[in-house]
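A.B. asks: If you want the building blocks of each chain, they are given just below.
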Amino acid sequence: MSTLTPPTGAPKSVGAARNKNKNAERSEARSVEPKSDARNQGVTAESSTGLPVLGAPTGRTNRYVGKTGAEIMLQMLVEHGVTDAFGYPGGAILPTFDQLYKNQINFILVRHEQGAGHMADGYARATGKPGIVIVTSGPGATNTVTPLATAYMDSIPMIVFSGQVRTYMIGNDAFQEADVTGITRPVTKRNYLVKSVNDLPRIINEAFIIATTGRPGPVLIDLPVDVTTSKVEQMIDDTPYLPGYKVYRAGHSRMIKQAMELINRAERPVLYVGGGAIISDAWAEVRELAKKANIPCTTTLLGMGAFDEHNPLSLHMLGMHGSAYANYAVQESDCLIAVGARFDDRVTGNLKLFAPKARIIHVDVDPSSISKNVKVDVPVVGDAKLCLAEMCELAEYRPREAWLEQIKAWKQKFPFTYHDDSPLPKPQAIIEAINQVTEGKAYFTTGVGQHQMWAAQFIRWRFPRSMITSGGLGTMGYGLPAAIGAQVGRPGELVIDIDGDASYIMTAMELATIRQFNLPVKVAILNNRFQGMVRQWQQLFYGGRFSNSEMVNPDFAAMAESFGIRGMRCTRKEDVLKTVEEMVKHPGPCVVDFLCETAENVYPMVPSGKGLHEMELGVVASAPPNSARELGSLA
Amino acid sequence: MRHVITALVMNEPGVLAHVANMFSARGFNIDSLVVGRTEDPQLSRMTIVVVADDRTLDQVRKQLAKIVTVVKVRDYRETPFVARDLMLVKLSASPRTRSEIIELAGLFRGHILDVGHNSLTVELSGEEDKLDAFVDLVRPYGIRELARTGMIAMARGGHAMSLAGEDSDGTGSPTVAAPPIAQSSGRPARVAVKRVPTQEELEATPPG
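Protein sequence lines correspond, in order, to chains A and B.
Be aware that the first sequence starts at 1, since it is given in my numbering, and climbs by one per residue.
Be aware that the second sequence starts at 636, since it is given in my numbering, and climbs by one per residue.
Since the hints were derived computationally from the structure, they do not count as laboratory data.
Treat the numbers as computed from the prediction; the structure is a model and nothing was measured.
Be aware that a few hints might be false.
[Said to hold, decoys possible] Here are some of the chain B residues that sit facing chain A, going by a computed Cβ distance under 8 Å:
hint	residue
1	Leu651
2	His653
3	Asn656
4	Ala660
5	Gly662
6	Val703
7	Thr704
8	Val706
Yeah, the Cβ is synthetic: ideal placement off N, Cα and C, and Gly gets one too.
Model the full structure from these sequences, guided by the hints.
C.D. replies: Shown next, in the form of structure tokens:
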């Protein structure tokens with residue numbers, strides 16, 4: 001991981017200044033936990049047997065006797081390597097907050113529980129450690145439903161602790177009562193209503209295993225007040241009991257052999273790499289396989305950074321708004337190797353027309369992903385890192401000159417591009433400037449919509465975990481809280497929220513959280529006064545009837561200033577680069593309102609119901625030959 | 636096509652809701668779903684009848700197995716199995732028709748559970764077809780009330796489904812009893828770890 005982690009993006013002096021912030025001080029002060037890579041910490045570590053190892057030894061024990069549920073919970077969080085948590089207090093969770101008062105965990109008080117959930121999610125994506133959320137019962141818990149669904153769709157490890165009314169009150173429609181386990185069941189990997197404090201240690205151990213292993217996902221633990229306040233009075237067993245839980249590790253050697261025979265024979269192979277490669281830390285193996293077997297590689301929105309986009313073999317993103325060359329390559333391929341990807345409809349377009357000439361190999365840790373949408377020829381069930389390492393062993397180099405020539409021709413003909421023909425800056429130009437200034441060495445979060453797609457297209461992704469975005473659920477308002485979470489998990493690193501005006505304002509109250517904890521998050525708002533992607537669809541498919549997609553926005557810079565955060569506004573093309581530089585150099589938090597062209601659409605675009613090769617090229621088709629931007633279109 | 640799936644699930648609140656919700660959320664059609672206790676107090680057994688093609692059935696199995704509280708899943712596409720449905724039916728019965736109904740029930744190996752002045756309650760178990768046939772036959776007498784449990788099923792021969800593992804070697808040897816729940820200290824987490832799935836597993840459901 002060391003060589004590939006994005007180095008601190010900002011110049012040295014700025015980094016030093018940033019370290020002065022309160023959060024960085026706190027993170028240094030509380031160095032009770034050994035500083036090591038997340039993979040080797042607590043539950044995410046693996047013993048030689050492949051079984052997850054817990055923070056503390058488990059079994060029948062006296063060590064909880066005399067402690068309340070809240071004390072046990074906080075003690076166990078620390079044992080599991082938790083250093084940071086996000087949340088908001090309330091009546092039913094006050095016993096736990098009372099313990100937090102005395103605890104060394106760095107707690108981030110948010111402004112809305114949805115923010116806490118997305119922060120924990122962004123934290124998890126940036127660090128690989130599970131994100132921890134602590135909220136109260138009823139509305140506190142229901143406000144975490146959207147973040148839970150976001151994390152569930154994108155397989156992000158997260159544990160939400162929610163307060164609950166006393167066990168004897170449950171079902172009585174008590175004040176701030178909600179059936180939280182019932183509400184969250186479809187959006188969690190597992191959830192628990194703790195009925196007795198004696199079950200709590202086992203449940204917490206199980207929650208860490210479930211959240212972080214296999215295909216990770218969110219877990220919710222509902223804690224009635226009388227569970228957090230009553231004491232354990234006897235010896236109890238905290239051994240996790242998960243007879244129905246299966247974790248796939250190494251792939252089946254016969255399937256791996258079959259897969260590699262196919263790959264080694266293939267004339268036109270394509271690697272299609274998804275978020276699973278990031279989750280399992282398999283980026284080195286992805287790059288190794290592509291290099292060793294000489295295979296061009298495309299990544300999904302969540303897989304950005306698993307492959308170095310400066311590599312000539314990179315096809316950049318595929319799918320609905322993916323590159324023309326990635327989509328053509330998939331459609332022409334005779335062997336498609338999917339790694340930690342799930343053939344989402346935004347990737348495949350019309351399933352009947354998807355990769356018609358290809359034999360399909362699918363490496364995935366979740367057997368239910370295999371042949372769910374696309375019939376797979378060779379399934380390899382297991383952890384991407386382990387499976388790819390074995391596959392690399394068997395890989396043979398093939399020149400594949402014709403195929404690579406064809407891809408090069410597509411790349412030359414259809415690069416990501418735009419026409420700089422409007423009075424206001426084009427949104428793509430702003431992202432290009434951000435890419436130029438940061439060289440991709442930062443953690444980027446986004447909201448959802450046009451700006452998200454342009455960020456995927458115009459930043460040259462090189463580092464795993466650098467793209468933090470809501471892919472599956474497509475949660476607008478994700479960007480700002482996710483950036484806060486990423487910053488908490490990566491103090492001293494450059495974190496930039498590339499946001500749209502409509503997405504941003506959905507959770508903009510978290511500016512107060514940024515201020516309170518002095519987190520040096522940067523926000524670049526691509527402000528086109530519209531819900532851009534909705535506007536694009538209404539223009540293309542609804543006769544230009546812009547029904548409720550136009551936004552009247554506040555002065556975002558003044559708004560930030562009112563929170564005590566540096567606010568800037570950029571309206572002229574010639575100021576874009578300068579403003580981005582100023583934003584990145586600013587030692588504290590900073591919000592920049594980039595006013596940009598409204599009537600700009602994202603291209604290429606695969607209309608729904610069409611095959612990937614039937615994409616509308618838009619401006620990409622009209623790119624003059626010399627417009628191939630050196631930003632990675634051709635290396 | 637109708638398929639029968641059985642699942643061992645953890646005996647705790649919310650599991651039935653989770654399974655039922657998964658079916659509706661993914662658009663799978665349930666014909667019947669029966670859940671009840673097993674020999675192990677920690678486990679319940681579900682028998683689910685679904686209408687699905689082979690590919691959908693694979694997805695159903697995989698999605699069931701993915702639920703953390705579902706311990707084991709199997710279907711009976713390639714296994715001979717016995718299946719039973721239990722029915723209680725209350726029929727209108729005058730003194731004149733009573734003996735006819737009793738005779739019919741006898742032919743179907745049913746039992747008379749209750750006799751009223753103008754009614755008769757019959758208990759009948761068997762395969763679904765047999766119950767359907769009986770219902771057809773007694774309809775003219777007047778059905779006042781009818782309740783069926785839905786199908787429960789079990790493989791023929793020595794194949795058994797239990798916590799300890801499925802006896803799938805086909806030898807019919809008895810399966811090992813489930814381990815006692817009592818726990819020793821210092822043991823690693825008891826999580827089923829699959830290292831090397833076989834071709835069949837990969838193509839179908841992950842077995843427990």
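A.B. asks: Holds or violated: is there a CB of chain A closer than 8 Å to the CB of valine 706 of chain B?
C.D. replies: Holds, because the Cβ-Cβ distance from valine 706 of chain B to chain A comes to roughly 4 Å (cut-off 8 Å).
A.B. asks: Verify the interface restraint on leucine 651 of chain B: the C-beta must sit less than 8 Å from at least one C-beta of chain A.
C.D. replies: For leucine 651 of chain B, the interface hint is violated, since the closest Cβ of chain A sits about 11 Å away, which is over 8 Å.
A.B. asks: Holds or violated: is there a CB of chain A closer than 8 Å to the CB of valine 703 of chain B?
C.D. replies: Constraint on valine 703 of chain B satisfied, holds at 4 Å.
A.B. asks: So, as I understand it, the hint says asparagine 656 of chain B touches chain A; can you test that by seeing if any CB pair is closer than 8 Å?
C.D. replies: holds, 6 Å
A.B. asks: Have a go at the threonine 704 of chain B hint: is there a Cβ in chain A nearer than 8 Å to its own Cβ?
C.D. replies: holds, 6 Å
A.B. asks: Classify the hint on histidine 653 of chain B as holds or violated, based on whether any CB of chain A lies nearer than 8 Å to its CB.
C.D. replies: holds, 5 Å
A.B. asks: With 8 Å as the cut and Cβ atoms as the points, is alanine 660 of chain B at the interface with chain A?
C.D. replies: holds, 6 Å
A.B. asks: Please verify that hint: glycine 662 of chain B, Cβ, nearest Cβ of chain A, below 8 Å or not.
C.D. replies: violated, 13 Å
Hint compliance for this structure: hints 1 and 5 are not met, and every other hint is.
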